[in-house]
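Colleague: Listed here are the chains, written in short residue letters.
Protein chains: 4
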Amino acid sequence: MDLRGIYPAITTPFATDGSVALDDLTHNVRRYNTTDVAGYTVLGSTGEAVMLNPVETDAVLVTAKEAADASKRLIAGTGAESTAETIQRTRRAAELGYHAALVRTPHYYKPMYRPEVYIAYYRSVADASPIPVIPYSIPQFTGVTLDTPEILALAEHPNIIGIKDSSGKVERIEEVAAAASDFNVLVGSAALICSALAAGARGGILALASALPEKCVAVYDLYRRERWEQAKELQWMLAKASQAIVSECGIAGVKFVMDLRGYRGGLPRLPLQPLSEEQKTRLREMLMLLEPATARN
Amino acid sequence: MDLRGIYPAITTPFATDGSVALDDLTHNVRRYNTTDVAGYTVLGSTGEAVMLNPVETDAVLVTAKEAADASKRLIAGTGAESTAETIQRTRRAAELGYHAALVRTPHYYKPMYRPEVYIAYYRSVADASPIPVIPYSIPQFTGVTLDTPEILALAEHPNIIGIKDSSGKVERIEEVAAAASDFNVLVGSAALICSALAAGARGGILALASALPEKCVAVYDLYRRERWEQAKELQWMLAKASQAIVSECGIAGVKFVMDLRGYRGGLPRLPLQPLSEEQKTRLREMLMLLEPATARN
Amino acid sequence: MDLRGIYPAITTPFATDGSVALDDLTHNVRRYNTTDVAGYTVLGSTGEAVMLNPVETDAVLVTAKEAADASKRLIAGTGAESTAETIQRTRRAAELGYHAALVRTPHYYKPMYRPEVYIAYYRSVADASPIPVIPYSIPQFTGVTLDTPEILALAEHPNIIGIKDSSGKVERIEEVAAAASDFNVLVGSAALICSALAAGARGGILALASALPEKCVAVYDLYRRERWEQAKELQWMLAKASQAIVSECGIAGVKFVMDLRGYRGGLPRLPLQPLSEEQKTRLREMLMLLEPATARN
Amino acid sequence: MDLRGIYPAITTPFATDGSVALDDLTHNVRRYNTTDVAGYTVLGSTGEAVMLNPVETDAVLVTAKEAADASKRLIAGTGAESTAETIQRTRRAAELGYHAALVRTPHYYKPMYRPEVYIAYYRSVADASPIPVIPYSIPQFTGVTLDTPEILALAEHPNIIGIKDSSGKVERIEEVAAAASDFNVLVGSAALICSALAAGARGGILALASALPEKCVAVYDLYRRERWEQAKELQWMLAKASQAIVSECGIAGVKFVMDLRGYRGGLPRLPLQPLSEEQKTRLREMLMLLEPATARN
Numbered sequence: 001m002d003l004r005g006i007y008p009a010i011t012t013p014f015a016t017d018g019s020v021a022l023d024d025l026t027h028n029v030r031r032y033n034t035t036d037v038a039g040y041t042v043l044g045s046t047g048e049a050v051m052l053n054p055v056e057t058d059a060v061l062v063t064a065k066e067a068a069d070a071s072k073r074l075i076a077g078t079g080a081e082s083t084a085e086t087i088q089r090t091r092r093a094a095e096l097g098y099h100a101a102l103v104r105t106p107h108y109y110k111p112m113y114r115p116e117v118y119i120a121y122y123r124s125v126a127d128a129s130p131i132p133v134i135p136y137s138i139p140q141f142t143g144v145t146l147d148t149p150e151i152l153a154l155a156e157h158p159n160i161i162g163i164k165d166s167s168g169k170v171e172r173i174e175e176v177a178a179a180a181s182d183f184n185v186l187v188g189s190a191a192l193i194c195s196a197l198a199a200g201a202r203g204g205i206l207a208l209a210s211a212l213p214e215k216c217v218a219v220y221d222l223y224r225r226e227r228w229e230q231a232k233e234l235q236w237m238l239a240k241a242s243q244a245i246v247s248e249c250g251i252a253g254v255k256f257v258m259d260l261r262g263y264r265g266g267l268p269r270l271p272l273q274p275l276s277e278e279q280k281t282r283l284r285e286m287l288m289l290l291e292p293a294t295a296r297n
Numbered sequence: 001m002d003l004r005g006i007y008p009a010i011t012t013p014f015a016t017d018g019s020v021a022l023d024d025l026t027h028n029v030r031r032y033n034t035t036d037v038a039g040y041t042v043l044g045s046t047g048e049a050v051m052l053n054p055v056e057t058d059a060v061l062v063t064a065k066e067a068a069d070a071s072k073r074l075i076a077g078t079g080a081e082s083t084a085e086t087i088q089r090t091r092r093a094a095e096l097g098y099h100a101a102l103v104r105t106p107h108y109y110k111p112m113y114r115p116e117v118y119i120a121y122y123r124s125v126a127d128a129s130p131i132p133v134i135p136y137s138i139p140q141f142t143g144v145t146l147d148t149p150e151i152l153a154l155a156e157h158p159n160i161i162g163i164k165d166s167s168g169k170v171e172r173i174e175e176v177a178a179a180a181s182d183f184n185v186l187v188g189s190a191a192l193i194c195s196a197l198a199a200g201a202r203g204g205i206l207a208l209a210s211a212l213p214e215k216c217v218a219v220y221d222l223y224r225r226e227r228w229e230q231a232k233e234l235q236w237m238l239a240k241a242s243q244a245i246v247s248e249c250g251i252a253g254v255k256f257v258m259d260l261r262g263y264r265g266g267l268p269r270l271p272l273q274p275l276s277e278e279q280k281t282r283l284r285e286m287l288m289l290l291e292p293a294t295a296r297n
Numbered sequence: 001m002d003l004r005g006i007y008p009a010i011t012t013p014f015a016t017d018g019s020v021a022l023d024d025l026t027h028n029v030r031r032y033n034t035t036d037v038a039g040y041t042v043l044g045s046t047g048e049a050v051m052l053n054p055v056e057t058d059a060v061l062v063t064a065k066e067a068a069d070a071s072k073r074l075i076a077g078t079g080a081e082s083t084a085e086t087i088q089r090t091r092r093a094a095e096l097g098y099h100a101a102l103v104r105t106p107h108y109y110k111p112m113y114r115p116e117v118y119i120a121y122y123r124s125v126a127d128a129s130p131i132p133v134i135p136y137s138i139p140q141f142t143g144v145t146l147d148t149p150e151i152l153a154l155a156e157h158p159n160i161i162g163i164k165d166s167s168g169k170v171e172r173i174e175e176v177a178a179a180a181s182d183f184n185v186l187v188g189s190a191a192l193i194c195s196a197l198a199a200g201a202r203g204g205i206l207a208l209a210s211a212l213p214e215k216c217v218a219v220y221d222l223y224r225r226e227r228w229e230q231a232k233e234l235q236w237m238l239a240k241a242s243q244a245i246v247s248e249c250g251i252a253g254v255k256f257v258m259d260l261r262g263y264r265g266g267l268p269r270l271p272l273q274p275l276s277e278e279q280k281t282r283l284r285e286m287l288m289l290l291e292p293a294t295a296r297n
Numbered sequence: 001m002d003l004r005g006i007y008p009a010i011t012t013p014f015a016t017d018g019s020v021a022l023d024d025l026t027h028n029v030r031r032y033n034t035t036d037v038a039g040y041t042v043l044g045s046t047g048e049a050v051m052l053n054p055v056e057t058d059a060v061l062v063t064a065k066e067a068a069d070a071s072k073r074l075i076a077g078t079g080a081e082s083t084a085e086t087i088q089r090t091r092r093a094a095e096l097g098y099h100a101a102l103v104r105t106p107h108y109y110k111p112m113y114r115p116e117v118y119i120a121y122y123r124s125v126a127d128a129s130p131i132p133v134i135p136y137s138i139p140q141f142t143g144v145t146l147d148t149p150e151i152l153a154l155a156e157h158p159n160i161i162g163i164k165d166s167s168g169k170v171e172r173i174e175e176v177a178a179a180a181s182d183f184n185v186l187v188g189s190a191a192l193i194c195s196a197l198a199a200g201a202r203g204g205i206l207a208l209a210s211a212l213p214e215k216c217v218a219v220y221d222l223y224r225r226e227r228w229e230q231a232k233e234l235q236w237m238l239a240k241a242s243q244a245i246v247s248e249c250g251i252a253g254v255k256f257v258m259d260l261r262g263y264r265g266g267l268p269r270l271p272l273q274p275l276s277e278e279q280k281t282r283l284r285e286m287l288m289l290l291e292p293a294t295a296r297n
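Protein chains in written order, with the working numbering: chain E, 1 to 297; chain L, 1 to 297; chain A, 1 to 297; chain V, 1 to 297.
Derived by calculation from the structure, the hints in this document are not laboratory data. Be a bit skeptical, because a hint or two may be false.
A pair holds if it fits inside one copy or across any two, identical chains being indistinguishable in the list.
Stated by the list, open to error - Subject to a maximum C-alpha distance of 27 angstroms in a straight line, what follows is the list of computed DSS-like cross-link-like pairs (lysine-lysine):
# : residue 1 : residue 2
1 : Lys240    : Lys65
2 : Lys240    : Lys110
3 : Lys72     : Lys110
4 : Lys240    : Lys280
5 : Lys280    : Lys110
Whole structure, please, built from the sequences with the hints as guidance.
Modeller: Encoded structure:
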């Protein structure tokens, strides 16, 4: 499986009463279907997977699958703290027709989780999974990092087909890409699309692509087609957008820009906070720079 | 509510097929009933709360409550990542008869969780909870810390009655105890009982007390009765035990020593690893120093 | 050598033109001579050792030695980044009559400095030093920590007589004190005097004792004489003072309170900043609580 | 001043008696003169600046300047902990004919050094310096980071012409390059040449370029000439070399490979350790891959 391209890490919409808004999810996915994204990641960090109970989790997976165009690759976030629970969720995703599973590092008992524990963990999951597995390292949320030696050890497993590295450490992307030629290295920040491609990544799973899928795809395409100067110009704009929207405002920021652009964003679950008026103003101004026509509406 | 004393952070036993072993939990609690611990913390970090699904979570709370002697104070770990879920779990614990709720910091989206977010979070939970709330800060697991200013802000809420601080930072315990005289400051490490009491703590919620409740209570009592030299001698032994059992071997270490001492420990859930033979030997030797008669059996 | 007691980590005064004010140093030391501190640490972190050139370094050591009462123990900070330079400075301190050398961890090339490098480093220094050596671990400044195993390895060297641990981790103080009975474990925070003594420390090298030597000695003495409640009351006041003066305002704060109390504090070297007016007001208020008569002047 | 290109962060050679080997330094610089590096950084981190006394520091600056070809740009590392000392060293470098000063962040008192302190510090240095100033951020050694907002504030000063960012965070390189178009953003790792250029950097100051200047220049040139695939192939080899030589073996590794390639490397100063035989074997094998002819000798 070749995972080239841009995958939005899609959000989970909530109704005003706090329940999961499945219709809004359908609306969003159908709209993404009209873009050139390679597929979707459902229930990643941006999908607030850790905020959902098991019933909600299942409903989101079912709904996104149904709404997705058949041409889009579907990746389900299935990582839990226990090995058994992760395997169970992964099997369910396979049953529902997802093409691959994104499995974040378990992390609560981090002082006990040495690299060899992670290697054993991912091998167990990959052995038990009917679909390919993609380990997911996001130290800013989990406090743990998958480093090059353990990623390369995992790359030898036939059912582990790539890595999502959201650490921002391009050096690691390069080390892994250089050593594991058929492995799908995916970057986790829209600010790093060009740098990561230069280092050997194949694509990205991006929060920002939930709000600005066309822009993220455009950077990717310009770079692929060797229009370097144009790629860099647009990349610089996306870096600013990623900083303002994702780094400073988090999921609430992504959802707010989605609302501005005709998606159904809404609010994240508490304790994730809604945006302040200043933050909203700043994001509107950011969007004005990127996409004047939309922002004016 | 005055939480003076030692509270084991009790473990959750699993059967060999991986399911929760409720009978073993009953056995353990009944045996703790015969000790002088002040009560129990159920579903804390040592209770592998993050490894359990909702059905298992409820069964553990029900079973521990039924087995506990009426004289023991019962604290339920009810923290989840979302505010709504935490409130729901806390209400359920109250319904079951728990006396207080221990609520760890939500932490997955930590770059978004500033101190004021934690203050708002805990106030919402405390407002909605029928039973008193105890915030729980354990940076080595969560990557986030509740620091003195936010703890003192929370101490003003009438339904927030204490703090479990497992950071090991005695300076913070002292700052909080000095500024909030009726607040229950509880330490999270058996190695720090004397130091924490010297700094103003009222007691501890301790993983080690699941394996060695009598020793932990003994240090506490010696210190309270101003037998300082004896307290220090025993404290030093407990510090070594805590290092060997809890810091180096984690929950698997606590459970193994429980097995040696007639409790039903068993194995933690994967990816927490079973002990190696070297680790077991080291723990047997440690127990030989602390409790020669038991270890010889 | 038994290092029981309280040692101010004395400051280095600067004249308004930025040069070292040796007369002011003499003034301060003579005044400390009238207190019950056990001795002085010259050119520790609070002494701005890293801000001085070699000529200034030597002048400070000479001046402090000359001003110190013969009854006071003298400890010189002699740590540099290179082993050879540390040895040279340590020998010079011995030649000048210092009783012991406080040697902070080299730290610039920290990714290369594994525990065994520190063990080899301190052994080399101790082998070459005519006076006893005290390793000094202050992770908040250096980014590196001496942990229990390496401290215990060093404790076996006949010319390494203690450790100054400024990490704030009382658990480590306890582990070391429990395992190395003749070793001088010294704490680095005035907020932790009682807790550290409860854990087995013998005393402290304290920035706050440069500004408030009598108070620090008083807590120490009350604890030693088993007047626990009084010790704790005063300890709590010192914890607040330490937080406000040392943690929030740093060396500038210590020097400002020295000025208020008749010592010659002055300003630290840039880029350490002078206090704002708000900070000064806050420290005056703090002193009013601790020592109303002085603060009123 | 436009700092495009590759600058080796040159090493300081020591004789077997530990003294600075100025002849060896001359030998090395003359040899670098025959390569296409843009210039030299003298007394950076790789130059063991923190290991030298003032007399040695001056001798190294004098010697490197004399040996350098007039076509090469000369950058002197002049950062010290105190503002006054940094200014004095910077002026001396200017007097000796250096073209720019590389000034690492002061860091010992890091809890006191907020971003505004760094801004004030660098402005003072730049105001007083006869030559342009380049702030230098290397968190893995100093424990502090210059982040985008403070870098952009400094970029407005007419005598601050660039930044050396050794954090490995390409996202920051991109943010700065995107916002400050005439600013010289220089990367600090040979593994990131292509990624950093893709993000908008102008070149690099590289430890690895002391051992392998031609390879580093080759990657840079291939990228500049838009021969992307060749650039990436060679970049991948350099990433491995950088990991094995610089990350794993540090300055000792750089110096060892210099020895293998006809430079005069020698040993770093203690406590930096010499390489083990295994490390030497690994580096010889690495060189065999990169440069078979040299390695065979």
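Colleague: A separate judgement is required for each hint: does it hold in the structure or not?
Modeller: Checked hints:
Taking the shortest Cα distances, Lys240 and Lys65 never come within 27 angstroms of each other, neither inside one copy (32 angstroms) nor across copies (41 angstroms). Taking identical chains as interchangeable, the C-alpha atoms of Lys240 and Lys110 lie at most 27 angstroms apart only when they sit on different chains, with a minimum of 21 angstroms there against 33 angstroms within one chain. In this assembly of identical chains, the alpha carbons of Lys72 and Lys110 never lie at most 27 angstroms apart, being 35 angstroms within a copy and 32 angstroms across copies at closest. For the homomeric pair Lys240 and Lys280, the shortest alpha-carbon distance inside one copy (15 angstroms) is at most 27 angstroms, but the shortest distance between copies (40 angstroms) is not.
For a Cα distance limit of 27 angstroms, the shortest separation of Lys280 from Lys110 across copies, 21 angstroms, qualifies, whereas the shortest one inside one copy, 36 angstroms, does not.
Of the numbered hints listed earlier, those contradicted by the structure are 1 and 3.
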